[in-house]
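Enquirer: Here the protein sequences come in this chain order: A and B.
The letter at position 183 of the first sequence is residue 214 when you use the numbering used here, and the numbering goes up by one with no holes.
The letter at position 269 of the second sequence is residue 300 when you use the numbering used here, and the numbering goes up by one with no holes.
Each hint should be verified, as a subset may be incorrect.
Far from chain A, some chain B residues (derived; all Cβ distances over 10 Å) [claimed, not checked]: (1) Leu116; (2) Asn147; (3) Asn263; (4) Val391.
Okay, derived cross-link-like pairs now, PhoX-like style, lysine-lysine, Cα gap no bigger than 25 Å in a straight line [what the hints assert, rightly or not]: (5) Lys99/A <-> Lys241/B; (6) Lys134/B <-> Lys162/B; (7) Lys115/B <-> Lys321/A; (8) Lys82/B <-> Lys268/A; (9) Lys268/B <-> Lys82/A.
In short, the hints are calculated from the structure, not lab data.
Every residue gets a Cβ at the ideal spot worked out from N, C-alpha and C, and that includes glycine.
Given next are the chains, with one letter for each unit.
Protein chains: 2
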Amino acid sequence: MNNIGNCVIAQSGGPTSVINSSLAGVMSKVFESDNIKTVYGAINGIQGLMKENFLDLTKFKGDEQAIKTLKLSPAMYLGSCRYKLPSDYENSEDFKTIFEIFKKYDIKYFFYIGGNDSMDTVAKLSIYAEKIGFDIAIMGVPKTIDNDLACIDHTPGFGSAAKFIATSMLEVAHDTYIYDMKTVLIVEIMGRNAGWLTASSVLARNEYSKAPHLIYLPERAFNEDKFIDDINALLSKQQHVIVAVSEGIKNEAGQYISAKSEQVDQFGHVMLNGTGKYLEQLVSNKIGCKVRSIELNVLQRSAGHIASLTDSNEAYELGRQAANAALNGKTGEMAIVTRTSNSPYTVNYSTASIHDIANVEKTIPDNWINEAGNDVTEELVDYLRPLIEGEANHTFTNGLPTYLPVTHLVPKK
Amino acid sequence: MNNIGNCVIAQSGGPTSVINSSLAGVMSKVFESDNIKTVYGAINGIQGLMKENFLDLTKFKGDEQAIKTLKLSPAMYLGSCRYKLPSDYENSEDFKTIFEIFKKYDIKYFFYIGGNDSMDTVAKLSIYAEKIGFDIAIMGVPKTIDNDLACIDHTPGFGSAAKFIATSMLEVAHDTYIYDMKTVLIVEIMGRNAGWLTASSVLARNEYSKAPHLIYLPERAFNEDKFIDDINALLSKQQHVIVAVSEGIKNEAGQYISAKSEQVDQFGHVMLNGTGKYLEQLVSNKIGCKVRSIELNVLQRSAGHIASLTDSNEAYELGRQAANAALNGKTGEMAIVTRTSNSPYTVNYSTASIHDIANVEKTIPDNWINEAGNDVTEELVDYLRPLIEGEANHTFTNGLPTYLPVTHLVPKK
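One chain only, chain A, in its complex shape (with noise of 0.2 Å):
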C-alpha cells in the first residue's frame, strides 16, 4: 500500500531543543515521495487541526538551507497544544470533526510529534480510522526532554537537556569553587516522576570536579533528616557541596516537597515556592553555612544554543523512519531508537506499536541508582554518556544563534 494523498504534521507537548530535527526528518522523508502532494502543518497540535489552521510546509521543499536552520531551532515551529481526546469514540463529536477534515484536505498521512499524551491521541486516531475504516496512516514521533517513553532506548530532546544541564552543571561548579569558605549549591532540575534530567547533572563530574556531589531522584523517597546527614558528612571533609534535585522529589508520604514551601504572601494567597529554594532555607536553618539555590527552568528544554549533535540527528532519523514507515503503509506505530551498542555507540531504528507507548511512564531502573539514595550507578553514567555528545553547528546572527523565524506563532489582533 501506498497511498496518494496528502499529508498533516503537528508537534505537541512540551517543546525540546531537537523536535523540530524531527519534523523536518519528517519532511525531507515525504518530500522525497511522489504520492504525497501537499504536505499541511497543523498549527498548535491536534487543536489546529480541529481548527483548519494549517500552514504549506511544501514550501519547504528544495530549500536546504530553511530546513538545516530548522533543525537547529528549539521550541517548536508548529506550536503546541496540551489537548487530550476522549475516549469515548462513539459519543464525541471531536473524532468526527478530525476525520471530516481529514476527508476535505485528502489527508492520507498523519505525523504527530510529542511525548505520552500525544502517543495517547495517535493511539485513539488510529483505533477510530479502523473503527470507521478510513484508510489513513497514523504514526507517533517521539520527543519529550524527560526521557520517559517506554519502548524507546531514550527519547529525542532528552540528550540535549542533559547536555545543557551538565554544561551548566560544570559551569556553576567552577563558579562555586572560587571562595574559600563553606557552600552548599542547590540545583533544582525538571521531572516530576523521573529523575533522568537530574541523573544526567552527573555528567559534570570530570578528574578535578565531583560536582554534583549528591543527587536526589523523584523515583526515591526524599528524607529531610538524611539530606542534612548527608550534606553535614561531605561539609566535614571538604568546602563546597554542590546538590542536583529533582523538582518531583517527594518525602515518604508521597508528598512533593515543593508543597512544603507553600507561603502565604501579603494579600493572602497561597505561593508556591519550588523544591530548591525550600531546601535552600533547610540547609540555611540546620547548617547556617553559605547556600544558594538555582533552578534551571524551561532553559532546559529550550537551549538549542548547546543541542547535543547525537541528539539531532537521532530526532530527524526518527521523522524519517516514521515517514518511511507509513509511505510503506505502518499506522499506529511510533519511530523508536534502539541501542545495538555503547562503546561504540551504535543505534539502529524501526517502529514499534503505539499500543504499547501511550500511557506508560518509563522511571530510572532502582538498581541504577545507589543504595543511600544520593547517586547513581556508573551503568546509569555508561548509559547517558553517549546521548550529549556532538555539538550542533549553528550560525549566528548579530552575535546570537540563527533560528527559524515563528512569524505565524506570534499573530497580532
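Got chain A sorted already, so can you dock chain B onto it with the hints?
Expert: What follows is chain B alone, placed relative to chain A:
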C-alpha cells in the same frame, strides 16, 4: 624604569566568563619580559596573598594549549575573595603583612583583576607603596558582568553575560510562543543598581520576535500599578508578553521590590523570594492569566560556553595592556578600553588613574531609557550590539566544553 623581580597576579570579586582571559593576557605579556622571573598566582585574592597561598604560574610559559584553554574557562582560575582593605593605613596590620610578603618574594609587579571593590584595593595598595617608598607597580585589570565601572566604555565580562542573556531571552521567547493562550513570562536578570544586564536582553529582538516586550531597570522607580497596566495594554493586542526585569528594581520609596516578597516559612524563618517570583504572583493575582518567572541566576556570569569572542579578546588585551604599562613604569592605574567607532566597531586600549575608578558606580544614562520607563532607546541598543559579537571556539571533552582544571581550588581536608 623597568624593575627586575617577580610578579603576583590575583583575582577578586564575582566571576565572569572572561576574567581568566585577562589572566591569560597578563601572563602572556609578563612572560615576554626578561625582567620578570617568577610569576605567582595568589589563590583567593588579597586574602590568599596575605596567607602566602601561591601557585607558580611560570609553569604555563610556552604552554600555548593551556593558555588557550584558560582564556575560554569561566569563573576564576585563581579563586576569589571579597575583602576590603582598611582605610587606616597607619594602624593596619594588613598593609604591613602584604608589603612584607612583597619584599619576601621580591615582588615588583602586582596585578589585581576585579571590579569596583578590587579597584579600591589597587588604589589603597598604590597609595601605601608611595607612602612607604616601596618600588612596585600596582595595576588593576577591570572585570565585572555589571558594566558599572567608570572611565571605561564597557567592562570585560559584560559582553559574554549579555550574550547569554540575549540568547536565553530569544530561546525562552520561542518556548513561550508555542501555546495559543494569554501568557506572561517574567525573566529576572542580575543587577542591583545598574540595569546594563537587564537592558542587554533587548538584543534578542528581531524581525519576528519583539521579546522582551517590556524592560524594567533599577535606574527608574518601579510602580506596580503601572506595570500591570503596561502588561494589560499589550495583552489587548497580543497573546504573549515577555518581561525583562532587573533583580534590583525599587519602588518610589526606594524599597527593593524583592523585599516585599519576604515570607515566613514553617519554622517562622523569613524566606526572601526573588523579584521575578514576586511579580509572577502579582500578575497572577491582578490579571489571572498563565504566568511564569525565570531567574537566570549565576548562569549569567558562568556560561562560558556561549562567551562573546569580542569580550574574550578584549579581556585578554586589557590584561596585556596592564602588564605593558607596568613594565613601562606605570603604577596605580587600571587598563581601559575606549570605543573609537561604533560601526565598524573599533576600540583602543590605554590606562587610567585608579583613583578616578575605585568606588564609582556607572549606571545607564537617563536618556537611554524611554520616557515611560519600560523600554530602552535605540542609542543603548547601538551601544550594546557589538559587545556580543563573535563566538569563542571551544573544544569539547565528552560532550562538554573543555575548561582548565581548578584542582587547587577544591582541596580535600
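Enquirer: Evaluate each hint against the coordinates.
Expert: Each hint, compared with the structure:
No beta-carbon of chain A is positioned within 10 Å of the beta-carbon of Leu116/B; the least distance is around 18 Å. Asn147/B, annotated as away from the interface, keeps every beta carbon of chain A farther than 10 Å; the closest lies near 17 Å. Once the 10 Å rule is applied to beta carbons, Asn263/B is consistent with being away from chain A; the minimum gap is 13 Å. Annotated as non-interface, Val391/B keeps its C-beta farther than 10 Å from every C-beta of chain A; the closest such distance is 25 Å.
The hinted pair formed by Lys99/A and Lys241/B meets the criterion: a straight-line CA distance of about 24 Å does not exceed 25 Å. The suggested pairing of Lys134/B with Lys162/B holds, with an alpha-carbon distance near 16 Å, which does not exceed 25 Å. Distance hint between Lys115/B and Lys321/A is fulfilled; the C-alpha atoms sit about 19 Å from each other, no more than 25 Å. A hinted pair counts as satisfied when its Cα atoms are at most 25 Å apart, and Lys82/B with Lys268/A qualifies at roughly 21 Å.
For the hint pairing Lys268/B with Lys82/A, the CA-to-CA distance comes to about 21 Å; that is within 25 Å, so the pair holds.
Every hint from the earlier list agrees with this structure, and none is contradicted.
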